[in-house]
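With the hints as constraints, model all of the structure from the sequences given.
Heads up: the protein sequence lines correspond to chains A and B, in order. Mapping the first sequence onto this note's numbering, position 191 (from 1) lands on 212, and the numbers just tick up by one. Mapping the second sequence onto this note's numbering, position 59 (from 1) lands on 88, and the numbers just tick up by one.
The set of hints was computed from the structure by calculation and includes no laboratory data. Warning: the hint list may mix true and false statements.
One side only, chain B facing chain A, incomplete, derived with CB under 8 Å [unchecked claim]: (1) P112; (2) R113; (3) G124; (4) F129; (5) S194; (6) Y256; (7) A277; (8) R278.
Below, a list of computed lysine-lysine pairs in the BS3-like style, where the Cα atoms sit at most 30 Å apart [to be verified]: (9) K231/B x K205/A; (10) K258/B x K205/B; (11) K201/B x K258/B; (12) K205/A x K258/B.
Just so it is clear, the structure is predicted and the values come from calculations on it, not from any experiment. Ideal placement from N, C-alpha and C gives every residue a C-beta, glycine not left out.
One letter stands for each residue in the lines below.
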Amino acid sequence: MLPASDWFARRISLVTGLGSGSGKTTFTKAALASLHRAGERCIIISAGFEGGTDPVNGVSRVPVFQVEGGDVFLTAARLLPLLDCAPVIMDVPSRTQTLADESQQARPPRGMSALGPLVMVRAGREGVALLAGPSRNDDLPRIIQRARELSGISTVLVDGSLDRISQISALPEATLFCSVMADKAGWQRAVHRMTVFHALVTLPVWQQQAAAMEASVELPGLLTSELYGSIAANRVAVVVDDMAHVFLSDQEVLALASQRRLHVRRKVTFGGFCVVLRDVDGIRFRQALRPDVDAAVCCWNPYVHETPGVAA
Amino acid sequence: MTFVGNQIPRHVLDFARVSEFLGLLQPLTPYGRDILDSTGFIENGATLERLYDDIEAAGRAVRTLQSKGTAFERVCWHLGRMPRLPSIGDADSWGLMELFLVKKFLAHCKAAGSLLDDATVHYFGLDFACEGLLAHLAAGNADAESFAITERHEPRLAAIRTRLSELTAQAKTYRKNLESRVRDSHGLEFMGREFLLVTHEKGLALARVCSEPDAPRIEVEPYDERYVKIRLLPDADLLTLEEERRAAREMERTLEEIVIRRLAQETASCSEQIERAVQAIGRFDAALARWTLANSWHMTRPQLGRAEWSCRGGRLVPLALECQERGFAYVPLDLELDKPVALLTGSNMGGKTCVLQTVLFLQVLAQTGNFVPADSLQAPLCAWVDVVGSEIDSNGARRGLSSFGYEIHRLTQVLRRARSQPGIVVFDEFAQTTSGEEGKAIMQAVSEHLARYHAVRALFATHLACDFRHPYIRHFRMAGLNREAARAALASGENSADDTQRGVLSSSSPAEGSDAADGTAPATEKDLTERLRAINAMMQYRVIPAELSQDILRSDAIMIAELLGLDRPVIDRARALLEGERQSCDPS
Chain A
22 MLPASDWFAR
32 RISLVTGLGS
42 GSGKTTFTKA
52 ALASLHRAGE
62 RCIIISAGFE
72 GGTDPVNGVS
82 RVPVFQVEGG
92 DVFLTAARLL
102 PLLDCAPVIM
112 DVPSRTQTLA
122 DESQQARPPR
132 GMSALGPLVM
142 VRAGREGVAL
152 LAGPSRNDDL
162 PRIIQRAREL
172 SGISTVLVDG
182 SLDRISQISA
192 LPEATLFCSV
202 MADKAGWQRA
212 VHRMTVFHAL
222 VTLPVWQQQA
232 AAMEASVELP
242 GLLTSELYGS
252 IAANRVAVVV
262 DDMAHVFLSD
272 QEVLALASQR
282 RLHVRRKVTF
292 GGFCVVLRDV
302 DGIRFRQALR
312 PDVDAAVCCW
322 NPYVHETPGV
332 AA
Chain B
30 MTFVGNQIPR
40 HVLDFARVSE
50 FLGLLQPLTP
60 YGRDILDSTG
70 FIENGATLER
80 LYDDIEAAGR
90 AVRTLQSKGT
100 AFERVCWHLG
110 RMPRLPSIGD
120 ADSWGLMELF
130 LVKKFLAHCK
140 AAGSLLDDAT
150 VHYFGLDFAC
160 EGLLAHLAAG
170 NADAESFAIT
180 ERHEPRLAAI
190 RTRLSELTAQ
200 AKTYRKNLES
210 RVRDSHGLEF
220 MGREFLLVTH
230 EKGLALARVC
240 SEPDAPRIEV
250 EPYDERYVKI
260 RLLPDADLLT
270 LEEERRAARE
280 MERTLEEIVI
290 RRLAQETASC
300 SEQIERAVQA
310 IGRFDAALAR
320 WTLANSWHMT
330 RPQLGRAEWS
340 CRGGRLVPLA
350 LECQERGFAY
360 VPLDLELDKP
370 VALLTGSNMG
380 GKTCVLQTVL
390 FLQVLAQTGN
400 FVPADSLQAP
410 LCAWVDVVGS
420 EIDSNGARRG
430 LSSFGYEIHR
440 LTQVLRRARS
450 QPGIVVFDEF
460 AQTTSGEEGK
470 AIMQAVSEHL
480 ARYHAVRALF
490 ATHLACDFRH
500 PYIRHFRMAG
510 LNREAARAAL
520 ASGENSADDT
530 QRGVLSSSSP
540 AEGSDAADGT
550 APATEKDLTE
560 RLRAINAMMQ
570 YRVIPAELSQ
580 DILRSDAIMI
590 AELLGLDRPV
600 IDRARALLEG
610 ERQSCDPS
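So this is what it looks like as C-alpha cells:
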C-alpha cells in the first residue's frame, strides 16, 4: 500500500534504513508519490550517499526522483545541466547567508556534497531531479529552514543515510521512519534489528525529579561500549540526549534494557517501519515480531498490491 | 584580498583579549568579513585616519537611514543577502549556479545603494554601474532571490518550452489512460508508482491478457517466490511522444547553454565594475560593523601620532563584561605615560595586569582601524606592540627554555625592535622567577636601558622594590586595598555570630583531623566568589603616582591571602615573620 500522504504533509520526515538496499529511497519515492496525489508540493533532500559514492564516477548512483513543478530539492552544481525540470536556482548555501558565515573555516566545508557545492532548486515543471545531500549532518537544519522560508513549503522529505540515525539529532523535530528489507537468508536478523531499533525509539524520557529517586548517571555525550562498561553497578538509570547518542551493539542495547533503565532527554517521534519482504512469508514474519514492534510497522512494501499476512 | 598591516603576535592578542572583543564585529557580507579578517596592525597614520573616517561616514549613513522608517533594516537585509561571488576569471566554465550568484549580488547591491543617501554612496563608491548586466541577468525572473534561464533571455525558448509542456501533458494523460485501463480491467492501481508487485498468478493472468491486440503492454519480471514485478510499457505512440520530448529537451538545453555562455561573457566584460562594487560593499560593510561595535560600547575616535600615551576612561571590555556578569565593580582606566618607562606596583589582585592588558587592548584596537572603548585616547603611532612575562607563551615557543630563560629571550627580541622602531611593550611581573636581589638588578638595568628610547613606551607591573630614580622613568602604583575596610571586614567576619558570614571573610581554622586540615576540602565555588566579591569591594582599582617610599613595596599579600581564606596558622606565622624582619631592618 502507498503510505498515506497525511503522515508526511506539513512536517519533516526523515527516512533511515536498516542495512544496504533496505528500500529507504523507494519508501521516500512512495511517500512523494502519495503527496503528489494529494496535491502537495514538497522539499526533497537526500542526506548522503550509501557507502560513499565516488564523486566522479558515482553519478549513476545519485538518487533520482520524479518531481512536479513547484517541488524544491537539493542537488549539486555539476548536476544542474542534467535536470529536465526547468530548474530555478533558489540558493547556494555555501555562498549565501544560509551557511557561508561558517563555511570559511569549517572542516569539512559546509554546504558541500560529495559532488561539490549544493544548490537549492525549485522545479519549474514536472521532470527528473537528481539529488545530492550535504556532507555534514549539521547543515541539514539550516538548509531545511532556508528551503521552507524561500519556498513557503512546509512538507520536507529527507532520504536519510544508511544506518546514520545520528541525523535525527540534527533534526530533532523530524518524524523518523525506518525502512527494512528482509529476505530469506536474513529475515530473522531483520526481526532482531527491528526489535533493537524499536527499543531505542521508544526509550522513555528522563524526568528530572526521578534523579532524586534512583541512582542515575546522566551522560553528556555518546554512550559507547567502553563508557557503558565503566558505569558503576549501582547506577540503575542511564540517561543520554537522544537515541542517536547510543553507540552500542544490538546485544549491548538489549542487555542494557534488561539490566538497567536507559532514558533519553529528548524523545524521537517515530513514524514507523516500512518493511519490504522478499521470499519471506508475511504471516511468519509478523509472528516473529514482538507485538509492539509489529504494531509499529506503518507500511508493508509500498509497491505490493496486497498487505502480507492479510491478503490471500 | 591583500593583508593590510602586520600580523599581530598571537600572544599579544590573547593577553590583551583583543580577539575576544573583535569577535563581536558582525559584518553582513563576505566582503566585509574579508576586509576585517585581512586587517592587521597598521603603522600608516593616513590609512588609519581613513578607516576612522569610514566609521564616521557609516555612522552618518545609519543616522540618515534611521530617520527614514525601516530603511536601515532594509539596507542590512540586502547586505545580509549578498552571496560570495565566483571567480570571474573562470567565467568560461560557468553554469547556472554562478550566474545566480552574480545576479543575486548585483540585485542586492543595487537595492542597498538605492536606500543610501548620495553622500554615503559617493563616499564609499557605491554608485551602481552594472545596470545593463543586471537587467540582462534578471530578465524574466520573478525576484532577486532566484535565477532561471527564461524566454526573455532567449525568445526561441518560448516555443520549445510550450511544446515541451504539451508533450509532457500528453505523455502524462497517455500514461494515466493506460493505468486506468489496467485498473478497470484488472483492479490494479499504480497511483504514480513506477512498478507494482503482484502475485505470480495475477502476473501470469495479466501477461496473458496483455498479449492480446490493443491490450496495454506490460513487462513482467521475477521478484520473489510470491511476487512478480510488473511495469507498464509504452506503446509506439507513447514512445514517439517521449522521443519528441527528448528532442525538444535537447534543443532547450542547447539554447540554455548559449544563454549561459552569453551571460557569462557579459559578466566577464563587466568584471572591473563588479570588482569595484565588491570593494565598495566590503568597505561600507566593514565600516558599518566597526561603527555598530563602536556605538554599542560608546567608543571614541583615537588620536594617534602623539608623543604621549594618555587615556581617560579606558575600558577592557571583555573584563568589564565579566565583572558585570559576576556583579563586580569595574573601574575604567585613567593613565598618562609621558615618559618612556613606567613602573607600576601595588597590591596583589589590585589590577596591575589589567592595566597592562588595557593599554595593549586600546592600542591594538586603535591600530587595527577601530574606535576605542575610552572617553579619550591619545597615543603614539607604533610599529609594534609586545608583552613579556613568564606566563606569556607565544604558541609554545619556549623551546626548552625555563620561565626565566624564556623571558630573557623575549626581552632580547623586544630590545632589538626598540632600538629602531616606535612601540609599546608591557612587562607582566618581569624577572619574578629568579632571586629577588638579582631580579631587581636586571629590572633596573632593563628600565634604564629602555628609558633611552624615547619613541618607546614600556610599562612594567611588578612587586620588586624598584625604588630608584631616573629622569625618564615614572613610578605608579595601584591605589590598592582599602586596609581599614579590609581589617574591619575581617574582624567582623571573625566575630560574626552568623556562621555563613564568618565562613566568607575569615581565614579557615579547621579542626585537627578534619578533611580541611590536610587541605583536601577545597573552598567551594560559591565561597570563592563571595571572597572575590569582598576583595573587589575593598580594592581601589586606580592608578596613582607613587612616592619612592615604603608605600610602593606594599603588596598587601598577607591580607589578601587572609581574605581568600588561607588557614589561620599560616597567616599568623607569615605575619610574625614579616614583623620580625621589619624590626631587624629598623636602624632604631
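Hints, verified against the model:
no.: 1; hint: P112; verdict: holds (4 Å)
no.: 2; hint: R113; verdict: holds (4 Å)
no.: 3; hint: G124; verdict: holds (6 Å)
no.: 4; hint: F129; verdict: holds (4 Å)
no.: 5; hint: S194; verdict: holds (7 Å)
no.: 6; hint: Y256; verdict: holds (7 Å)
no.: 7; hint: A277; verdict: violated (10 Å)
no.: 8; hint: R278; verdict: holds (5 Å)
no.: 9; hint: K231/B x K205/A; verdict: holds (22 Å)
no.: 10; hint: K258/B x K205/B; verdict: holds (19 Å)
no.: 11; hint: K201/B x K258/B; verdict: holds (22 Å)
no.: 12; hint: K205/A x K258/B; verdict: holds (18 Å)
Checked against the numbered hints above, the structure violates only hint 7.
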